[in-house]
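J.: Hey, can you work out the whole structure from these sequences and the hints?
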Amino acid sequence: MTVRVFLENLLAAGVLRGVPLLFAALGELWAERSGVLCLSIEGTLLLGALAGYAATLATASPFMGLLCALAVGLICGLLHAALVVGLRVDQVIAGLGLSFVASGLASMLGTPLVEARKVAAQLPVIALPSLSAVPLLGPLLSQHSIVLELALSVWLITALVFSRTRLGLDLTAVGENPSAADAMGLSVLRLRVLAVVIGSGLFGIAGASLSLAVSPGWVEGLSAGQGFIALVLVIFGRFRPSRVALGAFLFGVIRRLPLDLQGVTLPDFIERSFLRGPGSTYVLDMLPYVMTMAVLALQTVRVRRAQSETTLRLDDAPWALGRPYHRAARHER
Amino acid sequence: MPIPCSRPASLGLVGCWTVASAGGRILSLGCLLAALVSGAACKRQAARGTAVSPTASSTADPAAAGAGGRARSIPTAQPGLFNVAFVYVGPVGDGGWTYTHDLGRRALVQKVPGIHTAYVENVAEGADCEHVLRSLARKRFDLIVGTSFGYMDAMETVAAEFPERAFLHIAGWKQNGTNFGNAFGAMEDMKYLAGLIAGGRAQADGRLVVGYIAPFPIPEVVRLINATALGMKQTCPGCTMDVRWINAWVDPIREQEAAESLFAAGADVVVTGADTTLPLSVATQKGRYAIGYDSPTACDVAKERCLTSTYWRWEVVYTDVVQALRAGTWKPGAIYGDAQSGLVGLSGFSEGEVPNPNIPSAVVEQVRTILGELRAGRFSRFDVFAGPLRDQTGRTVLAAGQKPTQSDLLGLSGCSVCMSFLVEGIRGTLPRK
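Chains A and B, in that order, are what the protein sequence lines are. Just so we're aligned: the first sequence equals residues 1 to 333 in this note's numbering. Just so we're aligned: the second sequence equals residues 1001 to 1433 in this note's numbering.
Where hints are given, some of them may not hold.
[What the hints assert, rightly or not] 27 Å max Cα-Cα, derived DSSO-like pairs, lysine-lysine: (1) B/Lys1139 to B/Lys1331; (2) B/Lys1174 to B/Lys1139; (3) B/Lys1286 to B/Lys1303; (4) B/Lys1286 to B/Lys1233; (5) A/Lys118 to B/Lys1303; (6) B/Lys1286 to A/Lys118.
Don't read these hints as lab results, they were simulated from the structure. Computed from a prediction, not measured in an experiment: that's the story for all the values here.
T.: The following block contains the structure:
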């Protein structure tokens, strides 16, 4: 296998693996930019994967499955919003609780599906043979699941909303300083509910993109912790849609790397090192987290360099992230 | 799965601490709640009842609420019945290894009257399984079955602590002669036949690579890879085998990624040695072929592209052991079931079954012949590994006419040809210890 074929395969697979991560991380970004931490991500993702798969089995249409997963995500979002925005329950507790309830529910409802051993249709694959000559990206562009286009459009819309629209500005204001936003006449409650519901809907779609395209099929524990990687990804991308998208594809490629490396002969010094063999997967599994820490550390260094400038902050997280808003309570900055 | 379960637990504590330190929250209350919530998560993993007892006991065993704030409820035994508890490494819904063990458990309940069974799923190898085993022993289960290789040392320890209980370990080699025995089977026979089929298909397609998804570099897995490669060489002398180590027994996404990686590297057929059925769907997606593992019905998820499945029928062992225990005749030792016992099988090749039409017909005949010999006891695993046998560097491991012993195949201490080499024709590397 030539280096070119190796890289093409790696990119084609890695980018597709990044798609569920991208949906989930963008969903989390919507919620977090408005100041709500959505830890329900893993559970909602699993439930979405199951709903998408089950609905596709029932209707024979993967698009119905996708819609169903979206609907399940939206319902989970409404529930989460009611808890953390309406009732101002602690966001960490409520999010984790919902996540566990949802993943338990997915296991329970999914057992008959495992027993039934039926196969659901998959989302269509887009074939563009004319693009197969593009260097490195050829195999990916010429043949990929439609979820890639869907993910890229969600990314584009998210990026546009947060950079170009009034809604994006309002959501950011609510996430940074809810009291000020409230004083300006914005409805903190309504905006946060909207953000959580949209975000959670994206978790549902992330799940369906797994069970109907990227990891076709259903088994218990299908998501295997992807939701938590998406959570880290938002921090890695420093709450900006485009950096999050880049991170999703990068993380996808990193996940695939140790497997593909097993199929090639490497220079002798690597063959003899600990990087060879199954131990290497542990090392590479850590990489997303190591890279996230590196990004955070780098930001600290940059802030220190530009000490006089007030625009740079140590932490990119919205100031009100994780804090329920209560109009009567005093919120000091 | 144990990993996603422990992650939120620690994440919850960290998140709690962050929120508390940032917003001046009630730290202790938050953390307590987080721990409770993560406990609820693991409840999903905890025992569910059986035909006899619909739900697990709600009283959490204090011993089970151990490391990392993880709590799980341990089922209770039913007085007056013979109680059997199963400890599973993955979820029952994996469609493969654990699912097949649970089919065995259910068949046991059907076949043997007067027994009560319960199970605990998603139990990680290591410290986690030790306290689950100990709690089950304390709850007065008469027989405790552990179904993952990595439970071995913990089972040995707990068996010594509870001499009045019986312990059966699947896939290991340890035993203590009094109350702790092991059981496994000659899956290598079926993997050899799977290798014949994979090689035959690769030869017909002219794509001379067969892939293997390998969980961990232990003798059991190495033996199965080698048997598959030896079979492959029979029907496709020019074929090579490519291996991907995934470092897990059950990890749906990693298993699929390994299958994709193998197909991308040119494999025509991917043989899986891991727990779930998901790699089989990848074959459908890529328009290539796969061979399933563990369950006789694994191929249902990819009817056209899954050529066969090498499967286990655990009720063969479970009913025997339970009946011997109740009759007081059980002698804990090493059970090793072969094709004659019915513990191992090949889907599509039993009475009344039709093999997948994508298997070349000459190969179907060849497989049927050898399977007949295996069932009649005229051919065995020792013939599969008979010399001349060379490893991947070309070194002769067994000269012509020589056969390995059982401890050679199991890689036990005292073996001369231990299962620590990959046979000729395998391209992957065997990770060194």
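J.: Check the hint pairing B/Lys1286 with B/Lys1233 against an upper bound of 27 Å on the C-alpha distance.
T.: 24 Å, holds
J.: Does the alpha-carbon distance linking B/Lys1139 and B/Lys1331 stay inside the 27 Å limit?
T.: At roughly 23 Å apart (the allowed maximum being 27 Å), B/Lys1331 and B/Lys1139 satisfy the hint.
J.: Verify the proposed pairing of A/Lys118 with B/Lys1303, using a straight-line Cα cut of 27 Å.
T.: 10 Å, holds
J.: Given the proposed pairing of B/Lys1286 with A/Lys118, does the C-alpha separation stay at or below 27 Å?
T.: 19 Å, holds
J.: CA of B/Lys1286 to CA of B/Lys1303, is that 27 Å or under?
T.: This hinted pair holds, its Cα atoms lying about 14 Å apart.
J.: Measure nothing beyond the straight line between the CA atoms of B/Lys1174 and B/Lys1139; if it is 27 Å or shorter, mark the hint as holding.
T.: 24 Å, holds
When held up to the earlier numbered hints, the structure conflicts with none and fits them all.
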